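A.B. asks: Residue-level listing of the chains:
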Amino acid sequence: MENYELVLNILKKKFGFSKFKEGQFETINSLIVGNDVLSILPTGAGKSLIYQLYGYYKQKPIVVITPLISLMYDQVKRMNMMGENKAVTLNSDFDWFQKKVILNNLDQYRFIFISPEYISQDNVFNIINNLDLGLLVIDEAHCVSTWGNDFRPAYLNLRNVIKNFSSKPQLLLLTATASKNVLDDIQQILDLNKLTILKKSINRENIYLKNIKYEDQNSKDEDLLYLLNNLAGSGIVYFSSKTKADEMSKLLIDNNANLRVGVYHADIDDHDRFVIQQQFMNNEIDIVFATSAFGMGIDKSDIRFVIHYHLPQNIEDYFQEIGRAGRDNQKSIAILMYSRQDEYFAKNLIDYSLPDESEINLFDSGNVISNQDKEDILNYYRKIGYPKKDLINLFSELREKRLVDLNHMIDYAKNEKYCRRNIILSYFDEPEITHSEFCCDINSNEVINTFFRKEQGKIKSKELNWKEIIEKLF
Amino acid sequence: MNKLKEMDSLFVLFLNNNQFRKEKTIRNILKGKKTVANLYAAKKYNLINIIGLNKYINDFKIDESLIDYNNEGKIKLNNDGQLFKKEIISMTNFNFIQNNFYYDIYEFKRRFILILQIMSEFFNHNKKYIPIENQNYRRFYVKKWFHNLSQKKEAAIELKNILNEFLASILPIEAEIIAKTFVGFKRHGKTITQISEEKGLSYSIIQIIEFNAYCQLINFFKKSKNYSIITKDVEKNIVNKNALKTLSLLDNNYSFEEIMKIMNNKKSTIEEHILELAIFDLLSKKIINKYFNVNLYDKLKKEDNMIYNLTYSKLSFKCSFFEFRFCQILSLKGNN
Ligand SMILES: [Zn+2]
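Chains as they are written, first to last, in this note's numbering: chain A, 1 to 474; chain B, 1001 to 1336.
It is worth saying that the hints were derived from the structure and are not from the lab.
Possibly wrong hints are sitting among the right ones.
Pulled a few chain A residues facing chain B out of the computed Cβ check, cut under 8 Å [stated by the list, open to error]:
#1 Gln-98
#2 Ile-253
#3 Asp-267
#4 Val-275
#5 Gln-278
#6 Asn-282
#7 Glu-284
#8 Asp-286
#9 Leu-398
#10 Trp-466
#11 Ile-469
#12 Ile-470
#13 Phe-474
Simulated restraints on C-beta separations [said to hold, decoys possible]:
#14 B:Lys-1055 / A:Asn-465: 43 to 49 Å
#15 B:Pro-1172 / A:Ser-70: 56 to 62 Å
#16 A:Asn-361 / B:Lys-1186: 52 to 58 Å
#17 A:Asn-282 / B:Tyr-1102: 48 to 54 Å
Note that the structure is predicted; figures quoted are calculated from it, not measured.
Every residue gets a Cβ at the ideal spot worked out from N, C-alpha and C, and that includes glycine.
Excised from the complex, chain A in its bound form (with noise of 0.2 Å):
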């Protein structure tokens, strides 16, 4: 309980907040009696405020390892945002001499984000090595299965990186989606054994989940229209294709010019991410068409609906994106919309991120491939002299692993048997519930329609003119 004042009086001063949200405490509490933990938290559990309050606990810098470039930067600027100023990142977007400069400064810093290939670097290393390391975070710890679809090669160098320590830093892994599969892998991978493993259930009882069947491409897309005219709150509708993005808010902006709605995908440069996040954030667009990109980095709570136009490739990512919808605890709910042709194309995904044999005999023997990604993960096995057999292996056992996730994915969008939560719940090794009314849409009576909006369309603000503009900003 003593531990408990404590950090709550840093919660309250640092962060302002008068609780902690689920999980925190219990991850802090264990980092605080000295275990090495692995917390499984659901998304928008507040995973960052874990470290970051540990930080200001221990008085000690803190390196926290993220896959993503763009998932450091949010955090960099939500620390910044909160008057942390000592949050500096570290990864392949800077040039020889940024580098330098940082490196040189690096012991100015309290949290220090960087990528898995950045600190397998030996000058980063040794670098990192010296600075008296308060905690070592491997956010996205899921990243270092091979069974999930987040899997990044260079995680699994992170093996080396804890062993190769002077003296060995203790470590937290975050990761928000853990089946057991990967949770054995995250042990085995990283060789560790003795992990305190805290879980939260996952379930997120206020997501009603609901699954719509479509014997066509145009009924599918004039019943997206449909529900984006009714649908009460803000939503998310994620696509597996940028183009379908692109067309289908053209579509619903030429069939309702009232609704207000943003596309954020790989191809929309980072400038407009940042006005797409903002206007969302602000209520000043309801609707953003985006792919798995849009999310990872943004703390919305109030979002009332999430669509799957395209069948997502696992339950995982099925999981972490609806999780996005409902964090104010109040009722939200999650749509996928299922078509037969949804399949193969989610099997074209999965063939078109991997390379096969002939790819890789193509690339060993000296010769271009034409997908860049591929060319990528190619490169970098080569540079930590991977055998090409292996690789032929690796990559054909990832594949089946991903078109096993698949056919997992697949059976619960036909699925019309079963409570929906409790296929969810029993994928993720979690007990049963009670299927209710507001539950999911298998023997349910719940209308769709107590999730449409009451009052009338919504009312695009008035357009400034430039002299007003300029007022407002000055």
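On the provided structure of chain A, position chain B with the ligand as indicated by the hints.
C.D. replies: Frame of chain A, contents of chain B with the ligand only:
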């Protein structure tokens, strides 16, 4: 006007209705390839100002219905193309596009928006906001500037005045569009897509108008001491550094052979320097006379009155390529 909503084919801007041009060459100019051959083509097509424009706008589409082909596959505008080009040019002021040649407009815009945001939030006493800029180096750079800025409030008012003056000076549609992209206190700006939907104009047209507006904005910061950071080192290297060294040696009366020795370059490299310098009008009369072969020029004129249209490999006689290209460049100036 309805046409403008659909029209995306802004490649017409780089064509006219009397000169057949090679699409690939123009694409290379847009990409900013600075080989002598490419620079020469840019000069020949009068497109020096758009060198490297792809950094700001990377997609220029061609609409087949607006162009004619010749038997070499080169293209020019037909009547519809000419009309469409006129329509676009009437919407925005292209006179300042030359700033694309002197400045990195993209870098300028990024820096400007970040500074605008910082100053606007500061003016409104808001410290808790998410900075728009992701790139650490720009953030470091601007942060340091802001830290050292002595009279911040006055500087904020100066910025407001500059913007008011600037927006009043440009075309109304340019002012409207660029102001929508501004970011600051309780303003998150609009994306080009959103503006294009709002205005009922195509994405490309909004983008080129926005670009032209930024080209004009840069001039308003050249005078300001407080904001010299915005224009500082966003200047482009117009000519490559080695060519400039060659120029200073030429100006100091060194002979060709001496220059080769000092620069430790091959003959062809120094020749390329001289051609590049000639393209950008950096050679003095004296130096021009030294390398200009009058006899060759007259001979070429007999082959084709428009020397710049000649192809070296198709000449009916032999001569040095360097001298040939030098004559061509001078013929473009028409001041012989
Ligand atoms: Zn259920």
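A.B. asks: Against each hint, give a clear statement of whether it holds in the structure.
C.D. replies: Quick rundown of the hints versus the structure:
Hint status for Gln-98 of chain A relative to chain B: holds, with the closest Cβ pair at about 6 Å, below 8 Å. Annotation: Ile-253 of chain A was flagged as interfacial toward chain B, and the flag holds, the nearest CB pair being 6 Å apart, inside 8 Å. A cut of 8 Å between beta carbons decides the hint on Asp-267 of chain A: the least distance to chain B is about 11 Å, and the hint is violated. With 8 Å as the threshold, the beta carbon of Val-275 of chain A comes within range of chain B, its nearest partner Cβ sitting at about 5 Å, so the hint holds.
Given the 8 Å rule on beta carbons, the hint for Gln-278 of chain A holds: about 4 Å separates it from the nearest Cβ of chain B. A cut of 8 Å between beta carbons decides the hint on Asn-282 of chain A: the least distance to chain B is about 7 Å, and the hint holds. Against a cut-off of 8 Å between C-beta atoms, the interface hint on Glu-284 of chain A holds, since the closest Cβ of chain B lies about 7 Å away. Because the closest C-beta pair between Asp-286 of chain A and chain B is about 13 Å apart, greater than 8 Å, the hint is violated.
For Leu-398 of chain A, the interface hint is violated, the least distance from its beta-carbon to any beta-carbon of chain B being 31 Å, above 8 Å. Hint on Trp-466 of chain A holds. Least Cβ distance to chain B is approximately 4 Å, under the 8 Å limit. At its closest, the beta carbon of Ile-469 of chain A sits 5 Å from a beta carbon of chain B; the interface hint therefore holds under the 8 Å criterion. Annotation: interface hint on Ile-470 of chain A holds; nearest CB of chain B at approximately 6 Å, less than 8 Å.
Evaluation of the Phe-474 of chain A hint against chain B yields a held restraint, the C-beta minimum of about 4 Å falling below 8 Å. Under the hint 43 to 49 Å, the C-beta atoms of Lys-1055 of chain B and Asn-465 of chain A, about 30 Å apart, miss the expected range. A hinted range of 56 to 62 Å for the beta carbons of Pro-1172 of chain B and Ser-70 of chain A is inconsistent with their spacing of about 37 Å. Restraint check, Asn-361 of chain A to Lys-1186 of chain B: a C-beta distance of roughly 57 Å satisfies the suggested window 52 to 58 Å.
At roughly 37 Å, the beta-carbon separation of Asn-282 of chain A and Tyr-1102 of chain B lies outside the given 48 to 54 Å, and the hint is violated.
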